[in-house]
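K.L.:
Each chain is listed here by its residues.
Number of protein chains: 2
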Amino acid sequence: MGEFDLIRRFFTRPTPNAVLGVGDDCALLRSAPGMQMAISTDMLVAGRHFFTDTDPRALGHKALAVNLSDLAACGARPMAFSLALALPHADEAWLAPFAQGLLALADAHGCELIGGDTTRGPLTICITVFGEVPARGANPTAPTSALLRSGARAGDDIYVSGTLGDAALALRALQGTLELPSDALAAARARLERPEPRVALGQALRGVASACADVSDGLLGDLGHILERSGLGARVDVDRVLPLLAARTHFPGGAAQFDRQLGVATAQQCVLAGGDDYELVFCAAPAQRAAVAQASAHSATPVTHIGTMQAAPGLRLVDALGHAVAPQFASFDHFSAQSEGRA
Amino acid sequence: MGEFDLIRRFFTRPTPNAVLGVGDDCALLRSAPGMQMAISTDMLVAGRHFFTDTDPRALGHKALAVNLSDLAACGARPMAFSLALALPHADEAWLAPFAQGLLALADAHGCELIGGDTTRGPLTICITVFGEVPARGANPTAPTSALLRSGARAGDDIYVSGTLGDAALALRALQGTLELPSDALAAARARLERPEPRVALGQALRGVASACADVSDGLLGDLGHILERSGLGARVDVDRVLPLLAARTHFPGGAAQFDRQLGVATAQQCVLAGGDDYELVFCAAPAQRAAVAQASAHSATPVTHIGTMQAAPGLRLVDALGHAVAPQFASFDHFSAQSEGRA
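Read top to bottom, the protein sequences are chains A and B. In terms of this note's numbering, the first sequence opens at residue 44 and continues consecutively. In terms of this note's numbering, the second sequence opens at residue 44 and continues consecutively.
Simulated from the structure, these hints should not be mistaken for lab results. No experiment lies behind these values; they were computed from the predicted model shown. Some hints could be false.
Unchecked claim - Computed, partial: chain A to chain B, Cβ under 10 angstroms:
no., residue
1, D134
2, G158
3, A189
C-beta: ideal position from N, C-alpha, C; glycine also.
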């Protein structure tokens, strides 16, 4: 048996929900009547998206998590995924924990591994994930009940789930560009290495949110996608966003001490443009506030109201009094130009 | 605009058949009632699956062709694909022809690019392709009308489409391990660089073939998958297979001259275990011979009857008189152990 047959063994499991799983030229999936299939692909490259020495269990988790986050952003229920894996060599000591981390998250979301490809090459992980959403939802004129980036309206509230910026903060600490107390680093690092995709919240927001995106490239960049696709602008209250950086809120001595020690620019940059958050940023009409609260409670996922969609194009940062806030980091205008293309 | 936004422009096109194409967190596909979705993923790594200096137009073609070949093997109609692309840098002079080659083949098969991911990294192409097949076909007890590897029966005829081994021969010539006359090299190289997936034949074989696989890793290896999944053995007539090596049949001075100059072992190895053919190997009951001929004519794809499925396990190579043929290449037992995992 070749070593790549061995790899396949790690990933061949029962697929009760698929018509046909691993082992043929194609896998076969059925859609229930009235359902649509939501599909997303992400490729993770060693040295770019993760450190080569990342704990393989965490890496397996994260590789699927970033894809499930795309399904969450559409409000889709995870069904299945395919895995293409390039490896420098088939190292069982690496593969076993990688598969464990990957498949534990898959099991938690009922998402079956239905096929893939393994090859020798620079360590690269490409996952394509499949979910389903009802074709028709609350809006009878829409061709889908999926949450899109394009449905927001002026006056809509803007929300973000969970916490923001801790993954980016951990990355800076691991790269040695700033120092964190060890407890704060451990907590932030967990956000970097083991993001929890907001799958339950996404589904709960169907028929409630007017637009949604996942926060993978940083809050402002991903909110920017909603602005662009919805043809709108927005006002974001920085004073509501900054407390979402958990490492700052829970810093020894408090947020003020964090700002003194690491700089408010660091906090702003991590929370507004850090990336790797895998939270959801979404819009909903003010009339939906009770429904948003219910979706949050139902999915046990905190959400924070951070701003308002506006007709005037552009993204305006304000403080609690509504005064314009000048971003404290140089790359404010530039970060979106550095983002990679994802669709 | 970042360079990776530029990349995205090369690949963003109308997607009339999808509910939602490129530009959101997920793409959305609908299945017609009674249809199943066939899904396959292949990852191509520079330096392993193709030379780094391969003509980008040919590479774009091949990257999709190898995936369409998996749909063909299932008898599925191509619908859509997603593309994940890691590139060392965003070079327009490379990207433009790559996109042209990719999208020309996609258009020829009505297969829409519905999403993907672009990132910086060692040149790697990962495509996931989506097709559809009717859930129910000629066999009312089967949960699908897709062609599988598992349906063959003892006594079935074994067929292969088109020609075999020329891609492997071209690879050896390009690697410098043998010399070919320039005309022969050009023809063989076209098979290596621009394989034509047998999509029409695959669909025509639904309800006719009992089992099918695409020949990507070499005839014996891929027929071996059918044997394994069908729990059978087979007899293959080498005298019927060797003429399928077009470069040998059309060699200056004929096949005998090819064998004198390059060795019959080379011919056998290329045609039986060469790989990169992207033909279909399939089985059908003898009662289906007229139907197989009709499928071949209907799809304008030649097919050759090369052997018979047998109850006794194992793969037996025979000559035209039925006498056992000893394979003339050392890796006969070994090649399958070197193949990479694909599912």
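K.L.:
With a cut-off of 10 angstroms on the beta carbons, see whether D134/A makes it to chain B.
P.N.:
15 angstroms, violated
K.L.:
Min Cβ distance, A189/A to chain B: is it shorter than 10 angstroms?
P.N.:
This interface hint holds because 6 angstroms falls under the 10 angstroms limit.
K.L.:
Can you verify the interface hint for G158/A: is its Cβ closer than 10 angstroms to any Cβ in chain B?
P.N.:
Given a least distance of 5 angstroms, the restraint on G158/A holds.
Against the hints set out earlier in the document, a violation occurs for number 1 only.
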